[in-house]
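Whenever a hint applies, use it, and build me the whole structure from the sequences.
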Amino acid sequence: MATLVLLLGAFFATTRQDRRAGDSERSGETPLFSVEAAQPQAQPSTGRVGIDYPDPRTIKVGDTIECQGVRSRVLGALYLSWQGTQWTEYLLDDGTRRYQWLSIQMRAGLTAADPPHLEVLLWTPVPTEGMIPAKATLSVEGVDFFPVDRGTAAFRGEGVTSMPERGLLDFADYRAADGRLLSFERLQGKRWSSSHAQPLPPGTIRIEKKQGG
200 MATLVLLLGA
210 FFATTRQDRR
220 AGDSERSGET
230 PLFSVEAAQP
240 QAQPSTGRVG
250 IDYPDPRTIK
260 VGDTIECQGV
270 RSRVLGALYL
280 SWQGTQWTEY
290 LLDDGTRRYQ
300 WLSIQMRAGL
310 TAADPPHLEV
320 LLWTPVPTEG
330 MIPAKATLSV
340 EGVDFFPVDR
350 GTAAFRGEGV
360 TSMPERGLLD
370 FADYRAADGR
380 LLSFERLQGK
390 RWSSSHAQPL
400 PPGTIRIEKK
410 QGG
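Under my numbering, residues 200 to 412 are what the sequence shown spells out, in order.
Read the hints as simulated data drawn from the structure, not as lab findings. The reader is advised that the hints may include incorrect statements.
Claimed, not checked - As a list, the in silico PhoX-like pairs of lysine-lysine whose alpha-carbon atoms are at most 25 Å apart: (1) 259 <-> 408; (2) 389 <-> 334; (3) 259 <-> 409.
Below, the structure written as structure tokens:
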């Protein structure tokens with residue numbers, strides 16, 4: 200799962216350098232799973248993307264989106280590719296200096312009979328005290344995370360991301376037995392940062408296009 204994502208000085212101290220993120224260190228004051236552990240895994244939306252609700256893949260830099268009742272401006276985007284897989288991550292600013300990354304990816308079904316589905320993940324920076332992603336199981340605050348995907352993705356940036364215009368991003372993604380996601384990322388040659396993901400049904404995102412967009 201190369202989903203995921205993932206910055207710059209004090210302004211981007213809480214943005215996601217990791218999984219589709221930037222070159223600054225992730226930080227956060229909230230305990231790693233104080234919220235995520237209580238969140239049920241998102242259920243697939245029953246509507247049709249692009250018909251019953253806006254297609255998140257149409258989000259552009261400068262748009263405003265509403266996610267979980269919070270309105271945020273899209274500051275920048277990272278377009279990533281790895282082994283033929285492509286996804287996009289958007290840097291969100293909700294006006295309170297709390298920055299998150301929203302990743303959008305079309306994923307295949309679990310079996311050949313399952314149709315492809317749109318995966319939407321909202322990433323929040325978490326402190327991991329310098330932990331380095333291992334190729335084996337990681338234990339964080341008593342929760343075991345199993346490796347899912349690992350590699351180096353090529354990216355192209357647009358807008359404000361704290362990343363170079365183009366480059367390579369190392370990532371390592373993990374999943375717990377209860378579905379929780381943990382990801383590490385780093386711009387090559389930099390320090391690892393980490394974040395956890397909250398899956399969202401695509402139909403929960405509302406898009407306000409920027410003027411002229």
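Is the Cα-Cα distance between residue 259 and residue 409 25 Å or less?
Cα-Cα ~8 Å, so holds.
Does residue 334 sit within 25 Å of residue 389, going by the straight-line distance between their CA atoms?
Between residue 389 and residue 334 the Cα gap is close to 19 Å, so the pair holds against 25 Å.
Are residue 259 and residue 408 close enough, with their CA atoms no more than 25 Å apart?
Since the Cα atoms of residue 259 and residue 408 sit roughly 8 Å apart, the hinted pair holds (cutoff 25 Å).
Hint compliance for this structure: no hint is broken.
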